[in-house]
Amino acid sequence: MSSLTLFVRNLPPAASGDRLQEIFSEVGPVKHCFVVRDKGTDKCRGIGYVTFSMEDDAQRALSEVRDYDGQKIVIAVAKKRLNNKKEKKQGEQPRPKEQNGRKQNKKARLVIRNLSFKCSEDDLKETFSQFGVVLEVSIPRKPDGKMRGFAFVQFRNMLEAGKALAATNLKEIKASKKKKSLLPSDVNEGRTIFIRNLSFDTEEEGLEEALLQYGELKYVRIVLHPDTETSKGCAFAQFKTKEAADRCLAASQDGCETGGIRLDGRRLIIAAAVSREDAERMKTKKVKMHTGSRNLYLAREGLIRAGSKAAEGVPEADMAKRARFEELKRVKLRDVNVFVSKTRLCVHNLPKSVQPQQLRTLCLKAVGGAKGVRITECRVMYDKKPERGQVAGRSLGYGFVQFQQHEHALDTLRHLNNNPDIFGPNKRPIVEFSLEDRRKLKLQEKRRQQNMVRVSGTRKPQGGVVEGAPAERGKKSQQQKPAKGKTPLRETSGTETKGGNYSGFRTKPEAEQVELEDGKRRQKVLPLPSKRGPKIRYGSTAKPGKRKFRNREDDRFDSLVEQYKRKLMGGSDSKSSVIKKSKWFSS
51 MSSLTLFVRN
61 LPPAASGDRL
71 QEIFSEVGPV
81 KHCFVVRDKG
91 TDKCRGIGYV
101 TFSMEDDAQR
111 ALSEVRDYDG
121 QKIVIAVAKK
131 RLNNKKEKKQ
141 GEQPRPKEQN
151 GRKQNKKARL
161 VIRNLSFKCS
171 EDDLKETFSQ
181 FGVVLEVSIP
191 RKPDGKMRGF
201 AFVQFRNMLE
211 AGKALAATNL
221 KEIKASKKKK
231 SLLPSDVNEG
241 RTIFIRNLSF
251 DTEEEGLEEA
261 LLQYGELKYV
271 RIVLHPDTET
281 SKGCAFAQFK
291 TKEAADRCLA
301 ASQDGCETGG
311 IRLDGRRLII
321 AAAVSREDAE
331 RMKTKKVKMH
341 TGSRNLYLAR
351 EGLIRAGSKA
361 AEGVPEADMA
371 KRARFEELKR
381 VKLRDVNVFV
391 SKTRLCVHNL
401 PKSVQPQQLR
411 TLCLKAVGGA
421 KGVRITECRV
431 MYDKKPERGQ
441 VAGRSLGYGF
451 VQFQQHEHAL
461 DTLRHLNNNP
471 DIFGPNKRPI
481 VEFSLEDRRK
491 LKLQEKRRQQ
501 NMVRVSGTRK
511 PQGGVVEGAP
521 AERGKKSQQQ
531 KPAKGKTPLR
541 ETSGTETKGG
551 NYSGFRTKPE
561 AEQVELEDGK
571 RRQKVLPLPS
581 KRGPKIRYGS
591 TAKPGKRKFR
601 NREDDRFDSL
611 VEQYKRKLMG
621 GSDSKSSVIK
631 KSKWFSS
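First residue of the sequence shown: 51, per the numbering used here; consecutive thereafter.
Think of the hints as simulated: they come from the structure by calculation, not from any bench. Quick caveat, the model's predicted, so the values are computed rather than measured. Among these hints, one or two may not hold up.
As the list claims (entries may be wrong) - Pairs of lysine to any residue, SDA-like flavour, derived with a Cα cap of 20 Å:
{"id": "1", "residue 1": "Lys-81", "residue 2": "Lys-192"}
{"id": "2", "residue 1": "Lys-382", "residue 2": "Met-502"}
{"id": "3", "residue 1": "Lys-477", "residue 2": "Arg-374"}
{"id": "4", "residue 1": "Lys-402", "residue 2": "Asn-468"}
What the hints assert, rightly or not - Label pairs and their in silico Cβ distance ranges:
{"id": "5", "residue 1": "Leu-383", "residue 2": "Tyr-448", "range": "16 to 22 Å"}
{"id": "6", "residue 1": "Arg-464", "residue 2": "Arg-384", "range": "23 to 29 Å"}
{"id": "7", "residue 1": "Gly-315", "residue 2": "Ala-64", "range": "26 to 32 Å"}
{"id": "8", "residue 1": "Gln-180", "residue 2": "Asp-314", "range": "34 to 40 Å"}
{"id": "9", "residue 1": "His-275", "residue 2": "Lys-81", "range": "29 to 35 Å"}
{"id": "10", "residue 1": "Lys-157", "residue 2": "Ala-217", "range": "15 to 21 Å"}
For glycine and all other residues, C-beta sits at the position ideal for the given N, C-alpha and C.
All chains should be built: construct the whole structure from the sequences, respecting the hints.
So, in structure tokens, the structure goes:
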């Protein structure tokens with residue numbers, strides 16, 4: 051015998067061939083199977099033979115089948131029979147001819163696997179009859195009557211079986227029936243729902259019980275993964291009426307904490323099913339909107355990992371700072387109110403001596419002098435509590451720069467970040483897009499609006515500037531007369547204030563309309579400012595002179611001296627000098 055036949059030992063006395071075939075058919079198609087019995091009785095001798103159609107199934111049965119109705123059995127590959135020669139010597143010639151005929155017929159037998167459960171024996175006979183005479187069609191079934199998923203088709207000879215094998219292998223049987231689908235029409239009727247957030251252990255029976263309270267169901271199908279055949283956590287269910295589906299949808303949208311439809315410890319997310327075309331269209335749109343409103347894709351811009359090419363030559367202290375900043379960024383982005391700004395940069399690792407004007411100049415050079423570059427904010431953060439004897443606090447080593455255009459901010463980041471030529475190879479800038487909190491921005495905007503209302507209210511009685519602007523033009527023209535050389539500076543100062551969204555200036559409505567209708571860039575409507583410095587919001591546009599630094603200890607000493615002079619001398623000159631100093635401090 052070949053390796054297709056297995057020898058089974060330790061069978062119980064009541065074992066039968068039919069039961070043995072049922073057990074081994076769970077592994078694969080069985081050609082024939084029998085148990086050896088005592089002569090004249092139905093008692094099994096404890097041994098049997100099982101022949102498979104495929105060698106792989108026989109090998110798998112050796113390791114998978116362990117018992118016969120609870121009794122352990124021993125399985126091995128059957129060996130060749132030793133009494134073949136004796137049978138030939140006895141001269142029984144008709145029997146070998148019958149065996150040869152049976153062997154030839156067995157070779158003309160096809161095994162059809164991966165068979166649809168809707169396919170019947172008549173369907174198979176109709177399909178294979180076009181290739182020759184079909185002698186027998188057999189579909190094995192389980193004890194409960196369900197199909198096992200394979201079948202046998204017996205042809206008259208090998209030629210006909212070979213034709214059928216070549217023509218039908220890897221082809222669909224009853225393909226026209228499989229293509230029929232009632233989904234499109236049912237989707238329009240609104241009786242089918244799509245269920246998400248299912249537990250992977252949930253079965254169709256349990257889901258059906260949970261949905262039956264809303265109406266009669268036509269079917270419930272859990273979506274399975276095509277490779278692993280495990281649940282994907284979603285399902286489809288079709289009600290017999292649209293009213294039942296609407297009741298189910300309404301119940302699932304209950305906003306209470308204990309409301310909704312729950313199953314296996316999960317709250318089900320239910321929506322009306324859509325057609326395949328709409329689902330593909332929604333999937334495509336979702337891919338296009340991958341950035342969302344939080345701009346999370348920009349959080350990785352400028353990231354440098356240890357061991358990468360960009361990290362070569364970077365000091366360990368800088369890499370440690372980058373790792374710490376990256377971890378802080380991950381923690382902050384867990385809050386859904388935090389988003390990544392597209393125009394505002396955060397610059398770390400600044401030397402203590404860098405001033406805001408120097409940082410602004412660096413950013414402008416980073417863009418390469420591109421036309422239309424506007425920086426609406428540039429600040430270096432300082433300690434709020436200055437040291438004793440100092441007017442301003444020490445620099446904290448980081449600052450913020452905000453551009454009007456995202457492209458300019460991106461170019462600046464890519465030029466300054468990790469550049470050894472900016473501050474030297476041992477202290478490289480760490481530049482990233484700034485993280486913003488929507489709640490704080492709303493509070494800032496609210497305060498800005500309140501300040502605008504307060505300022506406009508205090509200026510009206512004095513004949514101040516009112517929105518709408520002929521008076522504003524007249525005021526500007528009056529201020530331009532005494533200082534003609536400062537006119538461009540004043541105009542650009544107001545323009546820059548608008549770009550930074552600060553209070554006190556608004557662009558003319560007609561300028562905004564031209565920008566929106568024509569789609570022009572902002573610099574074509576509002577020209578570039580000629581001055582790149584701190585914004586001048588009130589007072590004269592003339593450049594203020596630098597105040598001479600004075601030590602606070604010296605001021606205190608001078609004040610004490612003046613007090614003693616006033617007490618001792620009582621002169622008016624000392625009193626006037628004290629008044630002058632108080633004016634200097636209050637200015």
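Hint check results:
1. Lys-81 with Lys-192: 16 Å, holds
2. Lys-382 with Met-502: Outside the cut-off at roughly 32 Å; violated.
3. Lys-477 with Arg-374: With a Cα-Cα distance of about 16 Å, the restraint between Lys-477 and Arg-374 holds, given a limit of 20 Å.
4. Lys-402 with Asn-468: Judged against 20 Å, a Cα distance of about 18 Å means the pair holds.
5. Leu-383 with Tyr-448: 16 to 22 Å: For Tyr-448 against Leu-383, whose Cβ atoms are near 19 Å apart, the range 16 to 22 Å holds.
6. Arg-464 with Arg-384: 23 to 29 Å: For Arg-384 against Arg-464, whose Cβ atoms are near 27 Å apart, the range 23 to 29 Å holds.
7. Gly-315 with Ala-64: 26 to 32 Å: 46 Å, violated
8. Gln-180 with Asp-314: 34 to 40 Å: 50 Å, violated
9. His-275 with Lys-81: 29 to 35 Å: 33 Å, holds
10. Lys-157 with Ala-217: 15 to 21 Å: For Lys-157 and Ala-217 the Cβ distance comes to about 18 Å; the hint holds.
The structure fails hints 2, 7, 8 (numbered hints given earlier, in ascending order).
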